[in-house]
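Each chain is listed here by its residues.
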Amino acid sequence: MKHSIKIRINGQWYLGDVETGMTLLQFIRDEAGLTGTKAGCENGECGACTVLMDGKPVRSCIILAVEADGSEILTVEGLREGDKLHPLQQSFIETGAAQCGFCTPGMLIAGKALLDKNSNPSKEEIMEALGGHLCRCTGYKSISKSVEIAIDKIK
Amino acid sequence: MIPNVEYLKPKNLQEALELMEREGSVALAGGTDVIVNMRDERLLPKALIDIKGLEELKGIKEVPEGVWIGALELVQDAVENPLTKQYTAFIEGAGSIGCLEIRYRATIGGNICNGSPSADSLPGLLLYDAKAVIASKEGERTVSLESFLLGPGKVDLKKGELLKAVILPKAKEGSASKYYRRTRVKGMDLSSVSVAVYAENLGIEGKSDIRIALGAVMPTVARARKGEAVLYGQKLTDELLDEAIDALMEDVNPRKGSLRATPEYKKKMVRVLIKKAISEIKGGVSCEA
Ligand code: FES
Ligand code: FES
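From first to last, the protein sequence lines stand for chains A and B. Under my numbering, the residue at position 21 of the first sequence is numbered 21, and the numbers go up by one with no gaps. Under my numbering, the residue at position 200 of the second sequence is numbered 200, and the numbers go up by one with no gaps.
Honestly, the hints are just simulated from the structure, not real lab data. Where is the CB? At the ideal position from N, CA and C, for every residue including glycine. It cannot be assumed that every hint is accurate.
[Stated by the list, open to error] Below, in silico cross-link-like pairs of lysine to aspartate or glutamate (DMTMM-like), each with a Cα-Cα straight-line distance of 25 Å or less: (1) A/Lys2 <-> B/Asp129; (2) A/Lys2 <-> B/Glu80; (3) B/Lys172 <-> B/Glu23; (4) B/Lys58 <-> A/Asp152; (5) A/Lys117 <-> B/Glu80.
[Said to hold, decoys possible] Covered stretches of chain A (in silico footprint by chain B; criterion: 3 or more residues with CB under 8 Å from a CB of chain B, positions within the stretch not fixed): (6) 7 to 18; (7) 57 to 69; (8) 73 to 81; (9) 136 to 146.
[Unchecked claim] Cβ-Cβ distance ranges computed for the label pairs, FRET-style: (10) B/Gly24 <-> A/Glu72: 31 to 41 Å; (11) A/Glu72 <-> B/Pro152: 58 to 68 Å; (12) B/Lys158 <-> A/Thr35: 41 to 51 Å; (13) A/Gly33 <-> B/Lys186: 52 to 62 Å; (14) A/Asp69 <-> B/Pro263: 27 to 37 Å; (15) B/Gly187 <-> A/Gln12: 18 to 28 Å; (16) B/Pro64 <-> A/Gly33: 46 to 56 Å; (17) B/Gly187 <-> A/Asp30: 28 to 38 Å; (18) B/Ser147 <-> A/Gly33: 36 to 46 Å.
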């Protein structure tokens with residue numbers, strides 16, 4: 001049973017006929033061709049696939065594409081503002097917070113969700129926002145630091 | 001791979017209830033358990049009934065009995081809502097589910113209906129004698145939430161029924177509650193053991209009402225009534241508390257072979273966490289002479 005759906009990703013509509021079993025993550029990567037969003041555990045546990053859905057951070061590997069019909073998605077490709085990188089992207093580069101980079105798109109989106117909600121989060125709130133994201137390389141310090149630096153940049 | 005089953009999205013409750021009468025229908029809310037279980041082949045529905053469009057199951061509002069929480073309320077929204085603020089153990093428990101991204105997607109009704117013995121939203125709800133409102137084509141029925149929980153993965157929903165809401169009775173003035181859990185790692189883990197404690201007139205003779213709910217140590221989250229009975233109306237002493245915990249241990253029988261913790265560890269933690277919660281609550285009512 002195919003479903004005709006349309007999803008707006010980074011401001012552009014993508015149409016598709018999808019099977020029930022296709023995840024939003026697969027739709028973003030395979031149908032829309034936006035491979036910035038990563039498939040890690042594909043079981044809701046690692047955070048690599050995090051995107052904003054109607055403004056809220058969610059795990060696209062445990063959401064069906066058909067469930068996301070009509071929604072507004074932001075992926076890492078949509079973060080930059082015109083020619084300029086988002087302050088979070090800049091601070092991640094400066095701090096060396098991306099090593100292999102696999103967790104980075106999810107971390108950036110989680111950071112963006114936090115800053116959209118609260119322009120001056122506490123350390124604790126930063127930890128809560130990033131707490132469900134696994135990184136096998138950095139040890140997390142440089143990542144939380146980058147979020148703090150981005151907060152200062154935005155101020 | 002997630003199987004390509006039928007997917008239907010009803011627009012209102014009536015339509016949804018009709019679809020739920022079909023053999024093999026499974027309700028899909030946030031999907032944080034359903035999708036994972038389908039991928040692991042632990043769940044194979046004939047049809048997924050996406051209930052997220054049902055306005056009848058949304059909202060948090062004051063009702064004469066207390067606070068009505070729609071089954072489709074997102075966990076994080078329920079945690080942040082001012083109306084749930086006084087139910088500390090509930091918001092601490094629900095606020096510990098998964099991580100922020102899970103709580104933005106998972107629903108209160110889903111956490112309940114998944115029927116996990118370690119569901120974090122449940123101990124806090126049971127402390128306050130929460131009710132479950134169940135809808136079917138015939139109408140609504142209301143049962144105690146504790147009796148709604150039947151066993152691991154099993155709740156009291158018949159074919160054609162949906163959990164519509166939970167109702168939290170009014171919290172008594174001066175009452176307090178607390179939730180503690182233990183996990184193997186800090187983030188994104190299920191509870192190995194959890195304890196919720198409620199106290200009203202703590203330790204005041206003739207009035208003291210202490211309630212205890214436990215998670216992950218019995219087939220369902222449940223109240224520890226044998227322990228509550230020992231404490232009820234009594235002055236609180238260390239000896240009495242130990243006696244109460246000994247009494248409630250009769251019902252605490254964690255299964256062996258749990259991936260997360262041994263039965264011995266769980267039992268020890270039940271004792272430790274109950275005491276911790278009580279001393280925390282005691283500390284909190286420092287205005288008492
Ligand atoms: S890929 Fe989605 S949470 Fe790991
Ligand atoms: S940079 Fe490699 S997983 Fe985080």
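Consistency of the hints with the structure:
1. Between A/Lys2 and B/Asp129 the alpha-carbon distance is near 44 Å, which puts this suggested pair outside the 25 Å criterion.
2. For a cut-off of 25 Å, the pair hint linking A/Lys2 to B/Glu80 is broken: about 38 Å separates their Cα positions.
3. At roughly 43 Å between alpha-carbon atoms, B/Lys172 and B/Glu23 are farther apart than 25 Å, so this suggested pair is violated.
4. Restraint check: the Cα-Cα separation between B/Lys58 and A/Asp152 comes to about 38 Å, which exceeds 25 Å; the hinted pair is violated.
5. Taking the CA atoms of A/Lys117 and B/Glu80, the gap is about 13 Å. The hint holds against a cut of 25 Å.
6. By the rule of at least three residues with a Cβ nearer than 8 Å to a Cβ of chain B, the coverage given for the segment 7 to 18 of chain A is violated, with 0 such residues.
7. For the segment 57 to 69 of chain A, the proposed coverage by chain B is satisfied: 8 residues have a C-beta within less than 8 Å of a C-beta in that chain, meeting the threshold of three.
8. Evaluation of the coverage hint for the segment 73 to 81 of chain A: breached, as 0 residues show C-beta separations to chain B shorter than 8 Å, against a requirement of three.
9. Only residues whose beta carbon comes within less than 8 Å of a beta carbon in chain B count, and the segment 136 to 146 of chain A has 0; fewer than three means the coverage is violated.
10. Remark: the range hint 31 to 41 Å for B/Gly24 to A/Glu72 is upheld by a beta-carbon distance near 33 Å.
11. For A/Glu72 and B/Pro152, the Cβ-Cβ distance of about 38 Å falls outside the hinted range of 58 to 68 Å, so the restraint is violated.
12. The beta-carbon spacing between B/Lys158 and A/Thr35, approximately 45 Å, falls within the hinted interval of 41 to 51 Å.
13. A hinted range of 52 to 62 Å for the beta carbons of A/Gly33 and B/Lys186 is inconsistent with their spacing of about 36 Å.
14. A hinted range of 27 to 37 Å is violated for the C-beta pair A/Asp69 and B/Pro263, which are about 46 Å apart.
15. Checked against the hint of 18 to 28 Å, the pair B/Gly187 and A/Gln12 fails, with Cβ atoms roughly 34 Å apart.
16. Under the hint 46 to 56 Å, the C-beta atoms of B/Pro64 and A/Gly33, about 55 Å apart, fit the expected range.
17. Against the hinted window of 28 to 38 Å, the Cβ-Cβ separation of B/Gly187 and A/Asp30 comes to about 29 Å, which satisfies the hint.
18. For B/Ser147 and A/Gly33, the Cβ-Cβ distance of about 51 Å falls outside the hinted range of 36 to 46 Å, so the restraint is violated.
Of the numbered hints given earlier, the model fails hints 1, 2, 3, 4, 6, 8, 9, 11, 13, 14, 15 and 18; all others are met.
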